[in-house]
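Peer 1: Chains as they are written, first to last, in this note's numbering: chain A, 1 to 465; chain B, 1 to 112.
By construction, these hints were calculated from the structure, which means they are not laboratory data. Think of the CB as a built atom: it goes at the ideal place given N, C-alpha and C, for glycine as much as any other residue. Hints are not guaranteed to be accurate.
Simulated crosslink set (DSSO-like; lysine-lysine; CA at most 27 Å straight-line) [stated by the list, open to error]: (1) A/K463 x B/K27; (2) A/K370 x B/K27; (3) A/K257 x A/K336; (4) A/K370 x A/K336; (5) A/K308 x A/K336; (6) A/K77 x A/K308.
Counterexamples of contact, computed for chain A against chain B with all Cβ distances above 10 Å [what the hints assert, rightly or not]: (7) S2; (8) P27; (9) I45; (10) L166; (11) L203; (12) E233; (13) G241; (14) T290; (15) Q328; (16) G408.
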Amino acid sequence: MSTNLSDLLYLIPIVTFILALRFLSSPAHARRGNQIGAAGMLVAIAVTWVKAGGASWWAVVIAMVIGGGFGAVAARKVRMTAMPQMVALFNGVGGGAAALIALAELHRFLPPPGRPHIDVLTAIALSGLIGAISFAGSMVAFAKLQELIGGRPITYPGQNVGNVVLLAGLVAFAVALAAGVQDQWLLWIVVGGGALFGVLFVLPIGGADMPVVISLLNAFTGLAVAIGGFELENNVLIVAGMLVGASGTLLTLLMSKAMNRSVANLLFGAFGQVSAEAAAIAAGGQGGGTVRSASAEDVAVMLAYAHKVVFVPGYGLAVAQAQHDVRQLADLLEAKGVEVSYAIHPVAGRMPGHMNVLLAEANVPYPQLKEMDEANPEFSRTDVAVVVGANDVVNPDARSNQGSPIYGMPILNVDDSQAVVVLKRSMNPGFAGIENPLFYNPKTVMLFGDAKESIDKLIADVKTL
Amino acid sequence: MSHNMLLVFELTILVLAIFLGFEVISKVPTLLHTPLMSGTNAIHGIVVAGAMIVLASGHKGPFVWVIGFLAVVLGSANVVGGFVVTDRMLEMFKKREAAKPVDASQDGKGGS
Chain A
1 MSTNLSDLLY
11 LIPIVTFILA
21 LRFLSSPAHA
31 RRGNQIGAAG
41 MLVAIAVTWV
51 KAGGASWWAV
61 VIAMVIGGGF
71 GAVAARKVRM
81 TAMPQMVALF
91 NGVGGGAAAL
101 IALAELHRFL
111 PPPGRPHIDV
121 LTAIALSGLI
131 GAISFAGSMV
141 AFAKLQELIG
151 GRPITYPGQN
161 VGNVVLLAGL
171 VAFAVALAAG
181 VQDQWLLWIV
191 VGGGALFGVL
201 FVLPIGGADM
211 PVVISLLNAF
221 TGLAVAIGGF
231 ELENNVLIVA
241 GMLVGASGTL
251 LTLLMSKAMN
261 RSVANLLFGA
271 FGQVSAEAAA
281 IAAGGQGGGT
291 VRSASAEDVA
301 VMLAYAHKVV
311 FVPGYGLAVA
321 QAQHDVRQLA
331 DLLEAKGVEV
341 SYAIHPVAGR
351 MPGHMNVLLA
361 EANVPYPQLK
371 EMDEANPEFS
381 RTDVAVVVGA
391 NDVVNPDARS
401 NQGSPIYGMP
411 ILNVDDSQAV
421 VVLKRSMNPG
431 FAGIENPLFY
441 NPKTVMLFGD
451 AKESIDKLIA
461 DVKTL
Chain B
1 MSHNMLLVFE
11 LTILVLAIFL
21 GFEVISKVPT
31 LLHTPLMSGT
41 NAIHGIVVAG
51 AMIVLASGHK
61 GPFVWVIGFL
71 AVVLGSANVV
81 GGFVVTDRML
91 EMFKKREAAK
101 PVDASQDGKG
111 GS
């Protein structure tokens with residue numbers, strides 16, 4: 001197939017990808033959009049198949065069956081609550097593929113006389129570096145989310161300095177490569193070093209900041225793929241990669257805005273590293289207050305006789321898979337004439353919009369889902385706010401304790417309501433490892449235990465009332 | 001097309017794609033941010049096309065062949081996994097759309 005014809009046909013996937021994103025503007029036709037995008041991807045693969053011209057075709061088939069089979073099984077089997085790590089994993093393999101393409105492309109030009117242009121060499125160095133960072137970073141994010149390694153930030157002295165020096169060194173190698181020092185080893189160093197940087201870069205970032213990290217790594221992979229398009233002179237890679245790059249960047253900015261922190265602070269601040277001062281304040285606060293724990297019966301009475309109940313879901317809801325039970329409890333309360341809604345913080349959970357997906361799975365009607373700006377004014381006329389496995393997004397320290405790592409982050413003001421019920425496993429600080437004075441507030445009662453079991457008990461008790 | 005012309009042309013589409021991306025994505029509601037991330041994740045699976053080209057040129061040596069093979073494995077996992085996960089998520093959003101009229105009588109109060 002001539003390059004002109006294949007480029008012309010590549011317009012089909014380009015258009016379908018743009019449509020897929022456009023259709024995401026409403027839940028009504030979002031799924032159709034995704035199917036259109038998938039169809040476009042098939043066209044892109046078919047065109048590439050013909051263009052590549054049959055060589056090693058059986059290898060392509062075997063590789064696709066292995067990769068595609070793994071992808072299909074993993075994607076079908078994963079529980080809705082484990083989505084963030086699945087997205088991190090698929091993001092990582094894409095970045096890995098981009099880095100491998102860079103390695104292969106450079107090898108094709110070596111040894112001379114195949115002397116590539118400087119822009120192709122630059123593209124190879126960059127996509128190798130960014131792809132490797134994205135691959136390794138995503139794998140660490142996956143491990144953290146899957147709780148293979150601890151979610152808390154891992155820090156050591158000289159961390160930021162070390163990372164900056166490493167990155168600067170890698171950029172220097174990349175520049176040397178682009179300038180024409182044609183040595184395959186140079187690229188291996190860039191790719192290997194990029195992978196090391198990816199690990200070191202994500203390790204210190206606390207679990208609570210994962211939505212931002214995943215968005216950013218998504219943008220990285222998109223960028224690596226777009227740059228890969230320059231190596232292969234392939235328009236569809238450039239456009240599709242850059243669309244993803246733009247999307248990931250935009251989401252990263254939205255997330256950091258929702259936490260009222262700069263992107264730089266999120267990435268290099270080793271969030272969740274409790275400063276001595278904040279710890280002292282938190283400890284002082286604890287000394288004065290006590291934690292009130294309640295039984296499911298007590299809470300059931302509070303809920304059944306309330307006028308307005310607001311559920312505040314967090315990652316604990318996802319872990320316990322309690323979304324269906326919460327919906328059931330809400331239905332039961334509504335049948336008793338209680339007004340029920342859900343307050344959703346933009347960074348609740350482990351990826352942007354995570355809670356929306358879980359509550360969608362449980363068929364919660366859209367109008368009951370309130371975003372932060374909509375939910376906050378309503379707490380003052382709320383009788384009971386039920387916090388299900390959320391922690392940092394309702395931590396009043398964000399408003400008042402300047403030493404707190406989350407100071408300045410907009411939160412859901414659940415303490416404005418008449419009473420607060422917190423469903424929590426134990427008094428351990430959350431994923432981010434920060435103390436929460438809400439638990440010591442006289443308005444608050446704690447219902448300890450697995451969120452799903454607690455909600456089930458509440459359902460049983462509300463039924464008997 | 002000379003190499004430099006091609007480069008300028010490619011840079012032009014790159015820049016246009018950035019603006020298009022920002023434009024299209026800023027219209028996606030918060031409700032759908034997770035499917036957006038997962039959907040764009042599937043779209044960068046287009047890297048599999050690049051990987052196929054590399055593998056097809058694999059007769060230039062075993063090194064390129066092995067690297068190309070691995071890249072196609074990773075790329076196709078990205079494509080298939082990405083689209084399937086996104087479809088599963090969006091399926092739930094669609095289901096609720098259908099269930100809504102039924103719920104409407106119950107949550108007239110909670111709604112609006």
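Peer 1: Work down the list of hints and note, for each, if the structure agrees.
Peer 2: So, going through the hints one by one against the coordinates:
no.: 1; hint: A/K463 x B/K27; verdict: 42 Å, violated
no.: 2; hint: A/K370 x B/K27; verdict: 18 Å, holds
no.: 3; hint: A/K257 x A/K336; verdict: 39 Å, violated
no.: 4; hint: A/K370 x A/K336; verdict: 21 Å, holds
no.: 5; hint: A/K308 x A/K336; verdict: 11 Å, holds
no.: 6; hint: A/K77 x A/K308; verdict: 38 Å, violated
no.: 7; hint: S2; verdict: 13 Å, holds
no.: 8; hint: P27; verdict: 4 Å, violated
no.: 9; hint: I45; verdict: 6 Å, violated
no.: 10; hint: L166; verdict: 24 Å, holds
no.: 11; hint: L203; verdict: 22 Å, holds
no.: 12; hint: E233; verdict: 7 Å, violated
no.: 13; hint: G241; verdict: 6 Å, violated
no.: 14; hint: T290; verdict: 34 Å, holds
no.: 15; hint: Q328; verdict: 13 Å, holds
no.: 16; hint: G408; verdict: 21 Å, holds
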